[in-house]
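The task is simple: from the sequences and hints, build the whole structure.
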Amino acid sequence: MHASAESPILQLEGVRKLYAQNGQVIEALAGIDLTVTRGTIQGVIGFSGAGKSTLLRCISGIEQPEAGRVIVAGTDLAHQQGDALRQARRQIGVVFQHLNLLRSRTVAGNIALGLELARQPRAAIRARVAELLAWFGLEDKASQYPSQLSGGQRQRVAIARALSLQPAVLLTDEPTSALDNETTASVLNLLRRVRDDFHVTILLITHDLESVRVLCDRVAVLEAGRIAEEGSVEDVLLAPKSSAARRLVHSGAELDPASAIPQQLSATVIEVKVIGELAAEPLLWQLTTSHGVQVNILRAQIDRLNQTAYAFFVIQLAGSQASVEEAIGSLIRKGIHVNRVASEASA
Amino acid sequence: MSELAGLLWQATLETVDMVAISALFSALGGLVGGVLLVATEKDGIAAAPVFHRSLAAIVNIGRSIPFIILMVAVVPLTRLIVGTSIGTDAAIVPLILAAVPYVSRLVESALLEVDKGVVEAVISMGATPWQVVTRVYLPEAVPALIRALTIMTITLISYSAMAGAIGGGGLGDLAIRYGYQRFRPDVTLSVVVVLVAMVQVLQFAGDRLSRYLDRR
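Protein sequences appear in the order of chains A and B. Taken in order, the first sequence gives residues 0 to 346; the numbers are from numbering that gives the first Met the number 0. Taken in order, the second sequence gives residues 0 to 215; the numbers are from numbering that gives the first Met the number 0.
Quick caveat, the hints were computed from the structure, so don't treat them as lab data. Don't be surprised by glycine CBs; every beta carbon is placed ideally from N, CA and C. Each hint should be verified, as a subset may be incorrect.
Unchecked claim - Listed next, with one range per pair, are the computed distances between beta-carbon atoms:
#1 A:Ile25 <-> B:Arg207: 47 to 53 Å
#2 A:His97 <-> B:Ala204: 31 to 37 Å
#3 B:Leu111 <-> A:Gly48: 25 to 31 Å
#4 B:Asp213 <-> A:Thr182: 25 to 31 Å
#5 B:Thr133 <-> A:His97: 51 to 57 Å
#6 B:Ile150 <-> A:Ala133: 44 to 50 Å
#7 B:Thr133 <-> A:Ala223: 51 to 57 Å
#8 A:Gln20 <-> B:Pro65: 41 to 47 Å
#9 B:Leu111 <-> A:Ala126: 34 to 40 Å
#10 B:Ile150 <-> A:Gly230: 56 to 62 Å
#11 B:Ala204 <-> A:Glu12: 55 to 61 Å
#12 A:Asn21 <-> B:Leu208: 18 to 24 Å
#13 B:Tyr211 <-> A:Lys240: 55 to 61 Å
Structure follows, in structure tokens:
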């Protein structure tokens, strides 16, 4: 939606990274292809060990892959050395999982660091730091040390520091892992505003489905060093195609519908996914009034993905075979995704 | 009594002189050595494994020679640099030679305490190896470096007392010539009291400064 130009800002092409561990060679990244368009908030989600941190290190230019290309704003990081590599690294601002602020420097000193390393003139550094302090609401903390700040404040300092050199891509590693629910929500909200105000593309590397759901436009599912699935957040979360994505989507909510069916009941159980405006309609009520079936809700969830409303139900339909089929048919005709979990479950 | 006080004062000044000058050069040499050890490591910011192994070997050799032997062994070098092999100036040469390898290891372990993640963060911001040393390693390690330099200075005080054995001057020399050779236990006791006081003051000051500068 923000990628109106549709121009790629970050391209990964066949990125492979090997590690030697106890004399064995481990393939941490087994050929990653990913294109991120300008202005997108792209999630990369995976269980631990999927290769997320290796991917972060390759994209940020801390390490270089054995094969493939990492193209950021037109420059291939994987094939640069020396000063050219150092220059290219500045196109990516990284917010590390552990923030990695310098404890010997004040808030202002931490934000100024990248500018100092780039040997910018003093006046320019001071102006940029003041601008970032103001945007992040940290003016009164400028001369404090990181140890004197709260977790959320430290997070803001780390984001401000990563933005100091006006990078094309902001890479955030598990930005919410150390925060409580309230702070998590405000950090995710902050990142969205950062994208809009700083015109930066954001890559969010996480294991947390909730962060992806709330923040991302698109998401790539990483498993065993490969991208198992990539698409819009709506598509991947509501209709996951790969088994890796399905496991991720279901692991948090333990949405195994069959397990929710009471053993003594005998009827047809269906999973219903409603996306968009239809989610607000009284669908279940219509099933009862129009088709004369009894509806028993086993599980229900109504929520928003970005701006899209969606509803997810597991319902049990009881009634004559014909009326149940008719009810299911009416849902499908409305464009609603229906999945039969069990027919005559107790049988 | 005033004779003893005069002798003690003179010897204390000599010791302070020896320790101050050798501490300055040992600290400089040790900082260079420690930074090189950390930077040239296999995963270091300027990895150079062959150089690292050679430097580590030299440091280990330097550390394994007992000070009393080193002092005698470097007499020709001392003569070359200072012009004499007797006196406080002459003692400074072996003191520095003995301390630099030791301080290099102390500095190395102080620098290794610096969070690897912070080093990586700064590298990802486009820092050169030199910038990583001057902007991250040294400033982030200041409290640990002060503790290391405190240990170094105290070690130099005890080494400098040994230098008395070969006519190096200072408190050790006084204890040997008067206390031991002329049977004056009051001199020996006074020397020990002064040395203990010096060590206590240094350790206290070092701890306070280190804690004051610690931003953890």
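Worksheet entry | Distance restraint hint 51 to 57 Å, applied to the beta-carbon atoms of Thr133 of chain B and Ala223 of chain A | With a Cβ separation near 41 Å, Thr133 of chain B and Ala223 of chain A fall outside 51 to 57 Å, so the hint is violated.
Item to complete: Indicate whether the distance between the beta carbons of Asn21 of chain A and Leu208 of chain B respects the range 18 to 24 Å.
Response: violated, 44 Å
Item to complete: Using the Cβ atoms, figure out if Ala204 of chain B sits within 55 to 61 Å of Glu12 of chain A.
Response: holds, 59 Å
Worksheet entry | Verdict for His97 of chain A, Ala204 of chain B (Cβ pair) under range 31 to 37 Å | The hinted range 31 to 37 Å holds for His97 of chain A and Ala204 of chain B, with Cβ atoms some 34 Å apart.
Discussion item. Just to be sure I understand the hint, the distance between the Cβ atoms of Leu111 of chain B and Ala126 of chain A should be within 34 to 40 Å; is that true here?
Written reply: At 37 Å between Cβs, range holds.
Worksheet item: Do the beta carbons of Ile25 of chain A and Arg207 of chain B sit within 47 to 53 Å of each other?
Response: Holds, since Ile25 of chain A and Arg207 of chain B (Cβ atoms, about 48 Å apart) stay within the stated range.
Practice prompt. Take the C-beta atom of Gln20 of chain A and the C-beta atom of Pro65 of chain B, compute their distance, and say whether it sits inside 41 to 47 Å.
Written response: Holds: the Cβ-Cβ distance is about 42 Å, inside 41 to 47 Å.
Discussion item. Given the hint of 44 to 50 Å, is the C-beta distance from Ile150 of chain B to Ala133 of chain A inside that range or not?
Written reply: The hint (44 to 50 Å, Cβ to Cβ) holds, given that Ile150 of chain B and Ala133 of chain A are roughly 45 Å apart.
Practice prompt. Please test the hint of 56 to 62 Å on the beta carbon pair from Ile150 of chain B and Gly230 of chain A.
Written response: Holds, since Ile150 of chain B and Gly230 of chain A (Cβ atoms, about 59 Å apart) stay within the stated range.
Item to complete: Starting from the hint 25 to 31 Å, judge whether the C-beta atoms of Leu111 of chain B and Gly48 of chain A obey it.
Response: Because 27 Å falls inside the window, the suggested range holds.
Item to complete: Could you tell me whether the CB distance from Asp213 of chain B to Thr182 of chain A stays inside 25 to 31 Å?
Response: holds, 27 Å
Worksheet item: Honestly, do Thr133 of chain B and His97 of chain A meet the 51 to 57 Å range at C-beta?
Response: Check failed, 23 Å falls outside 51 to 57 Å.
Checked against the numbered hints listed earlier, the structure breaks hints 5, 7, 12; every other hint is satisfied.
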